[in-house]
Amino acid sequence: MAIPDDRRYSKEHEWALVEESGTVLIGISEFAQAELGDVVYVELPKVGTQVTQGGPIGEIESVKAVSDLFSPVSGEIVEVNEGVKANPELVNESPYENGWLVRIKPDDPAQLDTLLDATQYGALTA
Amino acid sequence: MTDTPLLHTALHETHVRLGGRMVPFAGHDMPVQYEGILAEARAVRSGAGVFDVSHMARIMVEGAEARALLDWVHTADIGEAMPLGRARYGVLCNEAGGIIDDGIVYRLAGERFMLIANAANAERVYAWLERWAAERFRAARLENVTREVAMLAVQGPKAVEIVAAISDFDPDSVRPFRIAECSVQGRSALVARTGYTGEDGVELMPASADAAWLWDLLLERGVVPCGLGARDTLRLEAGLLLHGSDMDSETNPIEAGLGRFVALDKGDFCGAGPVRAAAREGTERRLVAFEMTGRGALPRSHSPLLADGAVVGQVSSGGYAPTLDINIGLGYVPAGLASPQQRLQVDVRGNLLDAVVVTLPFYSRPRP
Numbered sequence: 001m002a003i004p005d006d007r008r009y010s011k012e013h014e015w016a017l018v019e020e021s022g023t024v025l026i027g028i029s030e031f032a033q034a035e036l037g038d039v040v041y042v043e044l045p046k047v048g049t050q051v052t053q054g055g056p057i058g059e060i061e062s063v064k065a066v067s068d069l070f071s072p073v074s075g076e077i078v079e080v081n082e083g084v085k086a087n088p089e090l091v092n093e094s095p096y097e098n099g100w101l102v103r104i105k106p107d108d109p110a111q112l113d114t115l116l117d118a119t120q121y122g123a124l125t126a
Numbered sequence: 001m002t003d004t005p006l007l008h009t010a011l012h013e014t015h016v017r018l019g020g021r022m023v024p025f026a027g028h029d030m031p032v033q034y035e036g037i038l039a040e041a042r043a044v045r046s047g048a049g050v051f052d053v054s055h056m057a058r059i060m061v062e063g064a065e066a067r068a069l070l071d072w073v074h075t076a077d078i079g080e081a082m083p084l085g086r087a088r089y090g091v092l093c094n095e096a097g098g099i100i101d102d103g104i105v106y107r108l109a110g111e112r113f114m115l116i117a118n119a120a121n122a123e124r125v126y127a128w129l130e131r132w133a134a135e136r137f138r139a140a141r142l143e144n145v146t147r148e149v150a151m152l153a154v155q156g157p158k159a160v161e162i163v164a165a166i167s168d169f170d171p172d173s174v175r176p177f178r179i180a181e182c183s184v185q186g187r188s189a190l191v192a193r194t195g196y197t198g199e200d201g202v203e204l205m206p207a208s209a210d211a212a213w214l215w216d217l218l219l220e221r222g223v224v225p226c227g228l229g230a231r232d233t234l235r236l237e238a239g240l241l242l243h244g245s246d247m248d249s250e251t252n253p254i255e256a257g258l259g260r261f262v263a264l265d266k267g268d269f270c271g272a273g274p275v276r277a278a279a280r281e282g283t284e285r286r287l288v289a290f291e292m293t294g295r296g297a298l299p300r301s302h303s304p305l306l307a308d309g310a311v312v313g314q315v316s317s318g319g320y321a322p323t324l325d326i327n328i329g330l331g332y333v334p335a336g337l338a339s340p341q342q343r344l345q346v347d348v349r350g351n352l353l354d355a356v357v358v359t360l361p362f363y364s365r366p367r368p
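Sequence lines, in order, name chains U and P. First residue of the first sequence? That's 1 in the working numbering, and the numbers climb one at a time after it. First residue of the second sequence? That's 1 in the working numbering, and the numbers climb one at a time after it.
Chain U with its partners taken away, still in its complex shape (with noise of 0.2 angstroms):
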């Protein structure tokens, strides 16, 4: 499975994609998408509220397991995807397009390079 290169990936297997205006879109792998089966019910901060990088964000709970989301980044939600709450099945169909789930706004842009490359990302996940 091809793995975007326009982004960065944490081991615990989000994905961070810097976009024009600063901010970082977060969500999680292919690899992660599938490990989970089938999405169920997505939990995700409200708008407004301070995350750190590593700490927990949510939760995703497919058929069989519920397991946590952690921010890639330190920063402040400024927005979450309603479509994947609404349709969590969003997150298996289209893991780096329409099931992102939140919208960071980053307190150090920096932080994204201590994330893995897709490179280094696809070699933790082969």
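By construction, these hints were calculated from the structure, which means they are not laboratory data. Since the model is a prediction, treat every value here as computed from it, not as a measurement. You may find that some hints are simply not true.
To be verified - Per label pair, the in silico range of CB-to-CB distance:
| hint | chain 1 | residue 1 | chain 2 | residue 2 | range |
| --- | --- | --- | --- | --- | --- |
| 1 | U | N98 | P | S188 | 47 to 53 angstroms |
| 2 | P | P24 | U | V78 | 58 to 64 angstroms |
| 3 | U | K105 | P | G350 | 25 to 31 angstroms |
| 4 | P | G350 | U | Q50 | 19 to 25 angstroms |
| 5 | P | H302 | U | E89 | 23 to 29 angstroms |
| 6 | P | A127 | U | N98 | 50 to 56 angstroms |
| 7 | P | T359 | U | E89 | 26 to 32 angstroms |
| 8 | P | L18 | U | E82 | 34 to 40 angstroms |
| 9 | U | E89 | P | I166 | 41 to 47 angstroms |
| 10 | P | P361 | U | V78 | 30 to 36 angstroms |
| 11 | P | T4 | U | E12 | 41 to 47 angstroms |
| 12 | P | G336 | U | D107 | 51 to 57 angstroms |
| 13 | P | A335 | U | T114 | 53 to 59 angstroms |
| 14 | P | H302 | U | E79 | 50 to 56 angstroms |
From the three backbone atoms N, C-alpha and C, an ideal C-beta is built for every residue, glycine too.
Assemble chain P onto chain U, guided by the hints.
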């Protein structure tokens, strides 16, 4: 868990070849899913799916006292009232009326029966039958054919016509809760019109050596391979209980809501005293079915159940019901809180979510 190697069914290589996600289940290495639990569940509701249920125990009971032994250990009426080729569901109770296992008894011939037990309880059930055969029913012989005979559950609205097209199985004579011998392109198998999904369908029992061949034949006919995840989702939607979760040796069949599967007026059976007392006097707690009033986190086994702010019981099974697009569950509460429309709450990881008691089943298939 011990380090005992996991058992393989006759279909293990097939599951691995097809990319099934293998997990340990009741001592066996079994596929929890292929394409995905929800897709498989939908395939069974709309077409036909096949499940490897060979891990379940198939125990033959034969001889002059086979019927008497089964009538003693099982709550259904296995006596004179059970004709040839019939299947009856019920439970096996200990002396206190607690449920050792649930399962179907099939009458295959005059004095030849088969009991299907849950994989997790296989050894316990076999030992229980052996004990009673030795103590009271010496003219009953037991034979465990679990390894020699495989079991493929073919379930869904199209299952019966597909199986009829590849075999001499006659759906008009092998009606629901019946069993017969059949021939699938010259290879013999038992065909039982039973299942654990809430759909019409059959459970095919060929020789283990023919299991992979039969599985492939079904897939060629468009039957979708399904794992144990979909099986659990489907059985919960259909309101079918799972032993070890929704009932156990501390639960009697009356509180589990299985009274209709207990032939209270038949002769004596193991646990009859306590079970009859429970039926007569009622029980302190009852199994309830509930629907969550909103989509959200799933009720799961062991989640606390609350009424008016106080914990009153716990969830025994819960999950997402794809056919109904709601979250559902089973659990135990005091009998006074078990009536339909009763408001409950489920504590899911600290969040109190609203639920309402409903009557089972959650889902029943459309009938012509």
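Checked hints:
Between N98(U) and S188(P) the CB atoms are about 51 angstroms apart, so this pair conforms to the stated range of 47 to 53 angstroms. Restraint check, P24(P) to V78(U): a C-beta distance of roughly 43 angstroms breaks the suggested window 58 to 64 angstroms. The hinted window of 25 to 31 angstroms between K105(U) and G350(P) holds, with their beta carbons roughly 28 angstroms apart. Taking 19 to 25 angstroms as the suggested C-beta distance range, the pair G350(P) and Q50(U) conforms, at roughly 21 angstroms.
Evaluation of the 23 to 29 angstroms hint for H302(P) and E89(U) yields a pass: the beta carbon distance comes to about 26 angstroms. Look at A127(P) against N98(U): about 54 angstroms separates their beta carbons, and that is inside 50 to 56 angstroms. Range check, T359(P) to E89(U): Cβ separation about 29 angstroms, and the 26 to 32 angstroms hint holds. Restraint check, L18(P) to E82(U): a C-beta distance of roughly 37 angstroms satisfies the suggested window 34 to 40 angstroms.
A hinted range of 41 to 47 angstroms is violated for the C-beta pair E89(U) and I166(P), which are about 34 angstroms apart. For the pair P361(P) and V78(U), the beta carbons lie near 45 angstroms from each other, so the given range of 30 to 36 angstroms is not met. Between T4(P) and E12(U) the beta carbon distance is about 33 angstroms. The supplied range of 41 to 47 angstroms is therefore violated. Restraint check, G336(P) to D107(U): a C-beta distance of roughly 54 angstroms satisfies the suggested window 51 to 57 angstroms.
At roughly 57 angstroms, the beta-carbon separation of A335(P) and T114(U) lies within the given 53 to 59 angstroms, and the hint holds. Between H302(P) and E79(U), the C-beta spacing of about 35 angstroms breaks the proposed range 50 to 56 angstroms.
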